[in-house]
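Visitor: Letter by letter, the chains look like this.
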Amino acid sequence: MNVEHFSSFDFAASGLDPGLFFDTAASRLAAGGRALAYFALPEDGAHRLVLAAGFDRSGRVEVYSTLVGGPFRSLTSSFPQLHLFEREIFETAGLKPEGHPWLKPVRFNTPGAVPGAAAHFTVHGSQVHEVAVGPVHAGVIEPGHFRFQCHGEKVFHLEMMLGYQHRGAEKRFIGGPDARSIHYAETLAGDTTIGHAWAYCGAVEALGGVNVPKRAQTLRGIMLELERLANHTGDLGALSGDAAYLPAASFCGRLRGDFLNMTALVCGSRFGRNMLKPGGVNFDLDAALAGDLKRLLGAAYRDVENAVALLFGTSSVRDRFEGTGLLSKEAAEGLGIVGPAARASGVGIDTRRNYPYGPYENFTLGVSGSGDVYSRAYVRWLEIQKSAELISGWLDSLPPGPVEADCGPLKPSGAAVSLIEGWRGQICHFALTGPDGKLRACKVVDPSFHNWQALAMALRGGAVSDFPLCNKSFNLSYCGHDL
Amino acid sequence: MIKALTARLRQGFRTLDFPAAGLELPPRGLGLPRLRSAGLEKAAAACPYGAVAAGPDPGLDLGRCVFCGACARAAPEAVEFTRDYRLCASARDALVVTDKDHGRAGTLGADLRKLFGRSFRLRQVSAGGCAGCEADCNVLQTIGWDIGRFGVQFAASPRHADGLLVTGPVTRNMELALRKTYAALPSPKVVIACGACAISGGPYAGHGECPGIPADIAVDLYIPGCPPHPLTILDGLLRLLGRLD
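Taken in order, these protein sequences are the chains called A and B.
With the working numbering, letter number 392 in the first sequence gets 403, and the count goes up by one each step, no holes.
With the working numbering, letter number 157 in the second sequence gets 216, and the count goes up by one each step, no holes.
So that you can see chain A by itself, here it is in the shape it has in the complex (with noise of 0.2 angstroms):
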């Protein structure tokens, strides 16, 4: 069934039989969808399986469900994108895929479960060992636990168990929204709280027929793109850094720093909390404020634009860079990857070009094809000036008018999807409301969920050493996939 992103849709219409559903899905999935969502959410005594596909080239999103009580059909070695959703159903529901390569627990969060401890792909050889890091890292980093399968220093393969940032936060929706579900939303990933709370706001707006201000929706959008803004330069900071190039690494801590201080003038919080609400944003920009972000965005914007020419201009740097942690085109397209590791590997996806929302118009991307690191990075400096570029003209043009509108109660028996390009890539929020208005489920996928294994991927025939740069490089949130 075709449905609108952010807009709500007769939830009933979307079922199908068994049999037609996995036909479907399949066939759809082999037609170029993508997909962004795929749960089980209980109903009378059985299980809802719920995908939602999306067609990148035209924008469509198609929304199907099938009620299930017991193992179904895996549609995983077909479709490698799938392989940690239908571990997820399996793990939160109980369902087994039948024929699924290797139901390894996703986060450990099932009465009995041990974090870390689960069969895992192993090497074996009279030469192999394995090196075993985690949960608690050596850095001031989250937690999860990697286990390299190497012969000498080269690495065949990653093996990794996440699970440990597991809090409860998803579940915590049913039944809202309330006065604690925005900071759910807020907190799903810290650094991405713009990200994840404009999506769970879009959900809940369609929901209850809400047309957000076009001057709300373009302050969104500033924040939105600072938040990309402070984490890309910290990006490529912790890149240099692992480089060894020491310069660069500590220009670009400081300057995101910077983007940071310019979220807190907006809202109080360097990290965007408290900006958004459903309905619009509690925070206005008068002329003054307007002007000294500006002043101080061109001034962070040139600091960058030296710091990352340092960068790429050093020679030790592109060579540590160029040709590390090689994710091909296929493989990216295979896992479903999002964000800038898929652009990096030549993917042209991106929220905002292919499912246009808010300020988002005519949106080009940026594109980087050989799938290193140094594509990863570069693909980074390129949406670092993209996302300036686009502040700034919002900066000088911010739509005149309110910046809320009432959000009503929810439509019943309704459902939502709603995507945002956060920093990481493609955020969705898939919303549903029970015959009382309630949500009856909202079902998050951070781009985390879609990239984990292209890090595993990436290391393939690498070094142990290349670790902490390929990780880097991804970038990616164990909180936001424990959920």
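It is worth saying that the hints were derived from the structure and are not from the lab.
To give an idea of the chain A side of the interface with chain B (calculated C-beta under 8 angstroms), a few residues:
| id | residue |
| --- | --- |
| 1 | Val-147 |
| 2 | Phe-262 |
| 3 | Cys-278 |
No experiment lies behind these values; they were computed from the predicted model shown.
Glycine included, each C-beta is placed from N, C-alpha and C at the ideal position.
Place chain B on chain A using the hints.
Guide: Positioned in the frame of chain A, the structure of chain B alone reads:
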């Protein structure tokens, strides 16, 4: 090389002077709240985390507060957030702001101060949460903040650390790792709970998935905020070490 030097000159000296007179949170930032008991019931009703108590013992618990400002919007006459970033306390109950005052973090005992006052290494454990606190701990290591100038550093191994800085609501899946890290720290050791999650569960308060810092691990410093501003973290750490008056 010349390019690196000219870039260095261009980027300039960027380290924040700290402590310095007049430092405060940005104009729209939410810092230390000021309380008046009139109308506090409305503020209490607006708080989704039960951080505001009205009645005979009025108070706002900074440990539970996620600084969303809902209370101040509902009852501006009762709660007003100032731009004061100095929020840390060394005892859990001292995090409660009353209509009278708020106790700031104290220093370590004389013995520990002698040991750690000039060189303090922290092992950070991220135990759930949204990674916001981690981001603002990391930022302290950048040239903008340069926490190293105060003798404070984050250590890669718990064996090399004097203190444990915990962020996140301590999920079930991180409980064991946190315990093991704590056990691996040589004694005497200091424990710091950074952010609303580590103190009270924060946005995840009440979740069965998040049991929190085990009761047998005593906390020496509480850093409120969701996430705390780097100024708040720095202030708390330096107060703990007796480096601020």
